[in-house]
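Participant: Each chain, written out:
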Amino acid sequence: GQSLEQPSEVTAVEGAIVQINCTYQTSGFYGLSWYQQHDGGAPTFLSYNALDGLEETGRFSSFLSRSDSYGYLLLQELQMKDSASYFCASKAAGNKLTFGGGTRVLVKP
Amino acid sequence: GAVVSQHPSWVICKSGTSVKIECRSLDFQATTMFWYRQFPKQSLMLMATSNEGSKATYEQGVEKDKFLINHASLTLSTLTVTSAHPEDSSFYICSAGRGASTDTQYFGPGTRLTVL
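Residue numbers (my numbering), protein chains in the order written: chain A, 55 to 163; chain B, 182 to 297.
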């Protein structure tokens, strides 16, 4: 089976840095994706790590360690609009995604 | 970019009726589309994989006779919730990739179904 664990909620102030950890137990692992979802909206793709290491895309970075079955999403220079739920998702054969429970990020002024 | 649309965006129906949800890839062809269900404040759960020109593959625990999937073309997949009941009320989201097994999945805006 597939399972991914991530914290349920994180609160931070504007301008701060938040790290959302994701540990996974999956078979046939291809890579780890991250998605952002605002309330009532659809998931939006943020990043994908197929190989170990850090991927940087603007204020967001994502990291993967296959040997540790662990990854994280780093949100820098937090803005109010970053308040949303963030999901890690493991990719398997056939492009199938299994999602973690989601981390609700609340950004305060 | 890769745009996926869904129709309708929301629907309210009476218990016992059937509801059809469409998922379209607007600017690319998608041999495979995926259907997810999301209950409030919960994660996305994969329901089924929709393959163009063949039968859908359902995840364990998903009733294939209740959730009918048809993928008639490379740009359209439909999900029909048959004999809907209040417990089927949920947010249904489709996604599609452009073909490669490692391609990013692009999500539609979702359809909120409320069964009275």
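For the record, the hints were derived by calculation from the structure and aren't laboratory data.
Glycine is no exception: its CB is placed at the ideal position from the N, C-alpha and C atoms.
Mixed in with the good hints, there may be bad ones.
Cross-link-like lysine-lysine pairs, in silico, DSS-like; alpha carbons within 30 Å at most [as the list claims (entries may be wrong)]:
#	chain 1	residue 1	chain 2	residue 2
1	B	K201	A	K162
2	A	K150	B	K245
3	B	K247	A	K150
4	B	K222	B	K201
5	A	K135	B	K247
On the chain A side, residues computed to face chain B include the following (Cβ under 8 Å) [claimed, not checked]:
#	residue
6	A96
7	F141
8	T152
9	K162
Here are the computed distance ranges between Cβ atoms for each label pair [claimed, not checked]:
#	chain 1	residue 1	chain 2	residue 2	range
10	B	S186	A	L160	27 to 33 Å
11	A	M134	B	K195	48 to 54 Å
12	B	A183	A	G94	38 to 44 Å
13	A	A147	B	G234	16 to 22 Å
14	B	G242	A	R120	25 to 31 Å
15	A	D93	B	T212	37 to 43 Å
16	A	Y124	B	T295	20 to 26 Å
Participant: Each hint should be assessed against the structure and marked as holding or not.
Facilitator: Here is how each hint holds up against the structure:
no.: 1; hint: B:K201 x A:K162; verdict: 40 Å, violated
no.: 2; hint: A:K150 x B:K245; verdict: 18 Å, holds
no.: 3; hint: B:K247 x A:K150; verdict: 22 Å, holds
no.: 4; hint: B:K222 x B:K201; verdict: 24 Å, holds
no.: 5; hint: A:K135 x B:K247; verdict: 38 Å, violated
no.: 6; hint: A96; verdict: 4 Å, holds
no.: 7; hint: F141; verdict: 7 Å, holds
no.: 8; hint: T152; verdict: 7 Å, holds
no.: 9; hint: K162; verdict: 20 Å, violated
no.: 10; hint: B:S186 x A:L160: 27 to 33 Å; verdict: 30 Å, holds
no.: 11; hint: A:M134 x B:K195: 48 to 54 Å; verdict: 40 Å, violated
no.: 12; hint: B:A183 x A:G94: 38 to 44 Å; verdict: 22 Å, violated
no.: 13; hint: A:A147 x B:G234: 16 to 22 Å; verdict: 20 Å, holds
no.: 14; hint: B:G242 x A:R120: 25 to 31 Å; verdict: 29 Å, holds
no.: 15; hint: A:D93 x B:T212: 37 to 43 Å; verdict: 32 Å, violated
no.: 16; hint: A:Y124 x B:T295: 20 to 26 Å; verdict: 39 Å, violated
In this structure, the earlier hints numbered 1, 5, 9, 11, 12, 15, 16 are contradicted, and the remaining ones agree with it.
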